[in-house]
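Residue numbers (the working numbering), protein chains in the order written: chain A, 20 to 239; chain B, 20 to 239; chain C, 20 to 239; chain D, 20 to 239.
Since the hints were made in silico from the structure, they are not lab data.
Do not rely on the hints blindly, as some may be mistaken.
Lysine to any residue pairs mimicking SDA-like chemistry, simulated, CA-CA at most 25 angstroms apart [to be verified]:
#1 B:Lys22 / B:Ala135
#2 A:Lys22 / A:Leu101
#3 B:Lys22 / D:Arg24
#4 D:Lys22 / A:Pro163
#5 A:Lys22 / C:Ala135
#6 A:Lys22 / B:Leu57
#7 D:Lys22 / D:Arg156
#8 A:Lys22 / D:Leu204
#9 C:Lys22 / D:Asn80
Number of protein chains: 4
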Amino acid sequence: MNKGRVETFSDGVFAIAITLLVLTIGQPGRYSDLAHQLGQRLPSLAAYAVSFLVIGIMWLNHHTIFSHLRQVDRGLFYWNLLLLMTIVFIPYPTEVFGEALVRGQGARTAAVFYSATMTVNACLWAGLWLYASVGRRLLNSQFPESQRRTSTVLFIAGTGFYGVSIGVALLNPYACLAFHGGLALYYAFDPISRRVGRESPVLAPPAVVPPGEPHQDGAQ
Amino acid sequence: MNKGRVETFSDGVFAIAITLLVLTIGQPGRYSDLAHQLGQRLPSLAAYAVSFLVIGIMWLNHHTIFSHLRQVDRGLFYWNLLLLMTIVFIPYPTEVFGEALVRGQGARTAAVFYSATMTVNACLWAGLWLYASVGRRLLNSQFPESQRRTSTVLFIAGTGFYGVSIGVALLNPYACLAFHGGLALYYAFDPISRRVGRESPVLAPPAVVPPGEPHQDGAQ
Amino acid sequence: MNKGRVETFSDGVFAIAITLLVLTIGQPGRYSDLAHQLGQRLPSLAAYAVSFLVIGIMWLNHHTIFSHLRQVDRGLFYWNLLLLMTIVFIPYPTEVFGEALVRGQGARTAAVFYSATMTVNACLWAGLWLYASVGRRLLNSQFPESQRRTSTVLFIAGTGFYGVSIGVALLNPYACLAFHGGLALYYAFDPISRRVGRESPVLAPPAVVPPGEPHQDGAQ
Amino acid sequence: MNKGRVETFSDGVFAIAITLLVLTIGQPGRYSDLAHQLGQRLPSLAAYAVSFLVIGIMWLNHHTIFSHLRQVDRGLFYWNLLLLMTIVFIPYPTEVFGEALVRGQGARTAAVFYSATMTVNACLWAGLWLYASVGRRLLNSQFPESQRRTSTVLFIAGTGFYGVSIGVALLNPYACLAFHGGLALYYAFDPISRRVGRESPVLAPPAVVPPGEPHQDGAQ
């Protein structure tokens, strides 16, 4: 199976899912008091922003994982397909969550629904990682063994973090939204993938990245 | 005609059609009993999941067929365009099917409509395959002749399977949805394309796939 | 300007516009008489199919034109952007046309609106072609001069054909839809681009296309 | 981080955001007086056209900036992600703006909302540019130093221009829409990127662009 075409297909699905999020923000019902109507939709806007960051950072992690694979097989394709199924689904709970916050009705249920979707998603990330990395099945030979174990711990911990978000949802829907924003930031500054890059400089195209370049990112 | 650009265009269409499926799940009407409302939409969610798998596996088969073509001509472009027309259409019967199951009205009609769409789609797959393979018109020289005959039999059988799904739709709409999920799984584990890969190892990039690699997929 | 990235961007826009067409088919209002409701939507389905073919064949012609360009400049980028603006717009008049036919109200106006959109689009195709080809500004050196003149005549004639479709719209909306389907087929079997290919075999990758191959398409 | 995949992902997001704009034009409510109904939607069509040009020209500038970068790091990825978040959002204020003009209610508020979105977007462009160019962090070595300073001045001036558009919105909503169209044209004919190209001919592939070619664009 051609790794490049699977990446291109996945990139397309990520790009479309992230763009469809804009349709989750409900249009104003009246235009006579438009400023007030738009102000009321701030929670929908916040849900849009959080889900946008979540999908954008997932794209980045997808990209990082695939850059460490030496090939893609049918099994990985199916894990990837299931993963994409939950990512494509994200606009739906996002719309429900935003709308529930706007209306002030069912917000707790909507927050649980959103968190449950993210938990299933986190489990599929862990599954995809385990499929690719156990026994170094599909990993690049340059990927350091110590890093493989750390990444496995972190992917499994991720399912726990998202499980906790269901509990937060039961306490307070706004706290739950903030919690998901925080988790996105956590993954954004994830020290792992950078460290991997630094430990395996062989991944960086040497002609383009001069040594000592201060702002280069190792996980290229 | 540039084979790469036809593949890129097709990949884009597949990626968008699979992502638009999320718009087929109706938003809750009321938020005062949100959990109940979301629970009622489970059949729409099931229709979403089945159609997602169907389109994802179609993408995989499209990819496999094109990897065995040595070139693309205008005739194949038009078969491909008609095929894409039915794939892009899938969200429509999916929405109708899911909504009919949710409402408990017109479910049999909706199941027949869904199955008929899939049958037309299966006929176009068979047509595209016959166009490309009869007389080995566009096939790669490495593609084994015995495999060509087996694939032809299976593509024609596929139109029959989907024809049968129309009958299943008349019996029970839920059984029909399960039948389509089963057909998707059948194509997912399709032994043909793997066997082809194994018989023509010349297709695999030798430096990346070491011989004896346990989880490699032959149909690369 | 990088020709490849302009093509990729354009391919993406084509792929999304063609896929959004499925949203133009209105969902059934009632599910108690679903078969009847779906039958009533046949004109929307016909408008979907015609617009799908139109955009698909436009993609093919876009691809053919760009394969004959040796470079892309800012001027061509803006012609291309205006062209894409009318192509992205096509789902709107398609939905209006289909809905007007379904309701049996305003069909003549809708047909004129659809035809006018296509006429503006045809003018932009002619403008893009003239910009690229006058004085052979951006044309490949292999593109034969005789073919340049013939293509110019045909592009200008195309604006006339679409202008005629406005007249057909005033006579009968269904005839107008059929006329657009026929124009799409005319462009699909367009003898020009094939002839160009045959006259300039240098464009075909020689290793892949053996001489005497019966079904090869010259316009690669 | 692979620059090519970030560009492909961004191109996909641009292509989808520009295509979703067509969904911002409201469908006619009645079909008995369709011509009148369509005529009433002209302001929505104008908002569509302006936003289409804005996003198309942003794509071009994105392309130009990235062509001057020698690499992409995580920091730039996040600036790019925030930038894309505001670009994907554009269809929402476009729909609100067009609808407010059609209804003749809330047009001033909608114009301010549209202008504010564009101002945030301009700030993110400036931020992304400063991140990439201060200390020549990610710039290509061929990019002339004098040009770097001029570009910085222009990006910062851009945030001012868009700030002014908020004032214009308070005066007259139609003038505001025209002002945004004018700003798009200003960036379309932006003399900077062309001059850069001319000063650094090393960026142009020499075999394809013969010297003295009259219509070539230097910023390739």
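Those earlier numbered hints the structure runs against, lowest number first:
1, 5, 6 and 8
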